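If you're matching positions, the sequence shown starts at 1 in the numbering used here and goes up one per residue.
Don't take each hint at face value.
[Claimed, not checked] Simulated DEER-style distance windows between Cβ atoms: (1) Leu378 with Asn232: 55 to 65 Å; (2) Asp448 with Phe588: 42 to 52 Å; (3) Ala294 with Pro593: 36 to 46 Å; (4) Asn551 with Leu378: 51 to 61 Å; (5) Asp448 with Lys506: 22 to 32 Å; (6) Tyr431 with Gly334: 16 to 26 Å; (7) Arg568 with Tyr431: 53 to 63 Å.
Keep in mind that the hints were calculated from the coordinates and are not lab data.
A quick note: this is a predicted structure, and the numbers were derived from the prediction, not measured.
For each residue, glycine too, the CB sits at the ideal point set by N, CA and C.
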Amino acid sequence: MDTDYRPFFRMSPVLAVALNEEGLLLDATDAWLQRFGYTRDEIQPLRARELSSPAVTHRIENDYLPLLRRTGRLNNVPVDLYTRSGEQVDCLANVAVNGGGRTVVVYTEVDEASRIEAQYLELYRETPAMMHTVDSEGHIVHTSDRWLSKMGYRRREVLGRNITEFLAADSMLDRQEVIDIIAQGDLDNAPRNYVTRSGDIIEALVSSRVDRGADGRVRRMHVAMKDMTAQNEAEHRLRAAFEENARLREELQRERDYLREEVQVSMNFGRIIGESAALRRMLARVEAVAQTSASVLIQGESGTGKELVAHVIHTRSPRSDAPLVKVNCASIPGELFESEFFGHVRGAFTGAHRDRVGRFQLADGGTLFMDEIGEIPLDLQGKLLRVLQEGEFEQVGSDRTRSVNVRVVAATNRDLDKAVEDGKFREDLFYRLSVFPIDVPPLRDRGDDIVQLASHFLEKICQDFGHRPLSLNRQHLELMRNYDWPGNVRELKNVIERAVILSRGKMLRLDLAMADIPRPASVSAPVSADPDGNGEPTLMTEQELLELQKNNLLAALTATGWRVSGPRGAAALVGLKPSTFTDRIKKFGIARPRPA
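Construct the entire structure; sequences and hints are all you get.
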């Protein structure tokens with residue numbers, strides 16, 4: 001301290017000390033020395049921290065010294081000092097840093113009102129609410145421990161900083177705006193977003209009250225924050241859940257209104273059975289086109305499984321998670337064509353009591369399977385062509401144009417090329433549909449696929465009907481191989497189904513007359529094949545019977561890939577135990593042929 005001012009400092013009636021940069025006492029007023037019982041020589045080796053309790057010293061060093069270094073001042077800091085005799089004196093300290101790093105601390109003994117204020121400040125800090133206090137310019141002077149915990153800071157890191165440094169971008173205010181808000185007075189539930197130390201956003205509602213001096217000016221503002229982050233997030237999730245629920249209800253309504261049919265084929269849905277060359281060629285084309293968005297035209301005779309092929313194309317496409325919607329074009333009356341495909345609005349025509357969604361909108365993002373496409377009347381084909389070309393349509397009774405993203409898979413058992421030539425099918429629509437044609441082979445061209453399909457149907461139908469397991473014998477297989485199957489796979493399934501219904505005991509009764517299957521001349525049916533038949537039984541010699549048994553075993557082995565045991569083994573196919581079947585193989589000297 002400048003020696004010229006030292007006498008005036010010492011004679012001052014206030015309790016004050018002067019400190020150097022290291023906190024050592026350099027001097028004290030006479031009033032301070034008298035109140036605390038020290039001589040001037042005794043204070044020279046003392047540090048300010050030695051005069052207070054450890055708790056107060058820790059709080060000052062951690063909470064207030066950082067603020068002092070930033071601002072050069074501290075006001076009304078509650079401290080305790082101890083006299084030389086050990087008496088505790090509660091004070092409020094006001095600190096100012098002078099030039100040269102010297103610091104002057106002026107102490108004011110706490111009266112009862114000040115003591116209550118100090119206790120209030122302790123309570124303020126320990127409150128479980130998020131609270132902070134700013135001065136008239138927005139600088140933070142106090143914070144509650146809860147505020148610090150939620151924001152992720154220590155007290156020394158925030159005291160003296162402007163509150164604008166903690167506001168999120170969408171709540172940002174400049175310092176003049178903060179001063180104006182403080183000057184205007186109290187706030188009630190004002191939304192503000194704050195940024196924590198880790199970068200998270202706290203969505204808060206802010207309420208505040210101001211302290212004014214005798215002159216009416218704002219001295220400080222006390223601010224309480226209510227963290228709304230979790231509540232806002234919960235409300236957002238609730239709104240999203242309501243929106244999703246509304247969407248699902250609309251989806252359910254569409255499904256109920258229009259009976260959306262994701263093709264469910266009873267014959268091992270989603271799996272095409274067979275290994276014939278004709279089938280493999282078709283499946284290769286299915287694999288090639290499935291991953292694209294190209295339109296597909298599936299052609300084939302009735303009963304060949306065109307619907308199943310359409311489902312395989314959909315399930316192996318990028319649209320597999322979206323709906324596959326089926327419509328049978330032959331079943332739609334001409335006057336309802338537009339309503340069925342494009343939907344209608346309420347009042348569009350007599351009987352339109354509410355809005356309905358069309359098939360194209362229902363299939364948006366997915367696949368529309370149009371079965372029997374060749375049955376669409378010529379005068380309606382142009383309306384279908386537009387939505388296929390442009391992906392746009394209007395509901396009946398509405399002028400609003402809707403856009404959809406739909407892949408079309410069409411199927412027909414008609415010769416569309418000839419229909420185009422005859423002027424019964426639009427050429428432009430034909431080319432739009434047949435970007436990638438697929439021909440489904442008839443059952444008569446699929447060779448031994450008949451055996452696999454018949455075995456599959458027999459097993460599944462027995463399960464569905466609760467019937468004991470039945471098996472096909474050599475005669476059954478020969479008869480089926482030699483039949484033309486004009487009804488294809490559908491007819492085969494029906495024949496097996498009737499056979500299971502008519503069968504009694506372990507013997508499958510294949511009703512050949514009902515199926516119109518001619519008996520080949522080279523095959524003689526044993527009496528047991530038709531125990532209720534009206535025809536004369538065919539008699540055989542012992543040798544012919546043995547030869548028939550041998551051929552029957554060979555046929556069963558060939559049909560099962562020379563597998564004897566198991567539910568799909570040759571023994572099960574002919575209705576024998578595996579051990580009995582093996583004995584007969586040895587008896588007839590049957591050996592598996594070596595590969596060529």
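Practice problem: Sort out which numbered hints this structure fails and list those numbers smallest first. | Solution: 2, 7
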